[in-house]
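Peer 1: Sequence:
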Amino acid sequence: MAAFSAAVGVVRKKATNRFHVPVNLDVRRMMKDPAWNEWFKLNLCCSQRTFELLCKLLEPHFPPIAYLRYNFETGVACTLFHLASSDGYHETAAAMGVSKA
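Position one of the sequence shown corresponds to residue 1183 (our numbering), numbered consecutively onward.
Please note: incorrect hints may appear among the correct ones.
Claimed, not checked - Here are the simulated distance ranges between beta carbons:
#, residue 1, residue 2, range
1, E1220, A1248, 27 to 37 Å
2, G1279, F1244, 32 to 42 Å
3, D1208, L1240, 12 to 22 Å
4, A1248, L1224, 24 to 34 Å
5, T1261, N1219, 31 to 41 Å
6, P1246, S1268, 16 to 26 Å
7, P1245, P1216, 23 to 33 Å
8, H1272, L1224, 26 to 36 Å
9, H1272, P1216, 12 to 22 Å
10, P1216, A1248, 11 to 21 Å
Stated by the list, open to error - Below 25 Å or equal to it, Euclidean Cα-Cα: the simulated SDA-like pairs (lysine to any residue) are:
#, residue 1, residue 2
11, K1238, D1208
12, K1214, L1236
13, K1214, S1229
14, K1223, Y1249
15, K1223, M1212
16, K1223, A1248
17, K1214, T1232
18, K1223, E1273
19, K1214, T1256
20, K1214, R1231
Honestly, the hints are just simulated from the structure, not real lab data. Cβ atoms here follow ideal geometry from the backbone N, Cα and C, with glycine treated the same way.
Work the whole structure out from these sequences, hints included.
Peer 2: This is the structure we're talking about:
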């Protein structure tokens, strides 16, 4: 098939996924920008304000971990994304730009 495509000159367009969540999200920046409120509602099933209050409520109960490559808010966002979707850990990690561990 590849030989036929090369002989005829058929060039396939690269597949793109326009509905994918941006990798390595900066959740703290997203929390401050009202334009992201719909993303919070669609993907985390809560508004930005609710997410902010939830983070403020939970953060005192979790000690900071020095070796993590992402902040506390990103961890909360990953958890809510996982709970709101029917995907597994691999899909959640890929969508949020973090390791599945």
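Peer 1: Lying within 12 to 22 Å: is that true of the beta-carbon distance D1208 to L1240?
Peer 2: holds, 19 Å
Peer 1: Does the alpha-carbon distance linking K1223 and M1212 stay inside the 25 Å limit?
Peer 2: Given pair K1223, M1212 holds - Cα atoms ~13 Å apart, limit 25 Å.
Peer 1: When you check the alpha-carbon spacing of K1223 and Y1249, does it fall within 25 Å?
Peer 2: Roughly 30 Å between the alpha carbons, so the hint for K1223 and Y1249 is violated.
Peer 1: Measure nothing beyond the straight line between the CA atoms of K1214 and T1256; if it is 25 Å or shorter, mark the hint as holding.
Peer 2: holds, 14 Å
Peer 1: State, for the Cβ atoms of E1220 and A1248, whether the hinted interval 27 to 37 Å holds or is violated.
Peer 2: holds, 34 Å
Peer 1: Verify the proposed pairing of K1214 with R1231, using a straight-line Cα cut of 25 Å.
Peer 2: Given pair K1214, R1231 holds - Cα atoms ~10 Å apart, limit 25 Å.
Peer 1: For the range 31 to 41 Å, tell me whether the beta carbons of T1261 and N1219 fit it or not.
Peer 2: violated, 19 Å
Peer 1: Hinted pair, alpha-carbon criterion (25 Å max): K1214, L1236. Please report holds or violated.
Peer 2: Distance ~15 Å between K1214 and L1236 Cα, so the pair holds.
Peer 1: 32 to 42 Å was suggested as the range; check whether the CB atoms of G1279 and F1244 agree with it.
Peer 2: Hint violated: Cβ distance 20 Å, outside 32 to 42 Å.
Peer 1: Is the Cα-Cα distance between K1214 and S1229 25 Å or less?
Peer 2: Status holds; Cα separation ~12 Å.
Peer 1: With a cut-off of 25 Å on the C-alpha distance, tell me whether K1238 and D1208 pass.
Peer 2: holds, 17 Å
Peer 1: Could you see if the CB distance from A1248 to L1224 stays within 24 to 34 Å?
Peer 2: holds, 33 Å
This entry does not satisfy hints 2, 5, 6, 8, 9, 10, 14, 16, going by the numbered hints stated previously.
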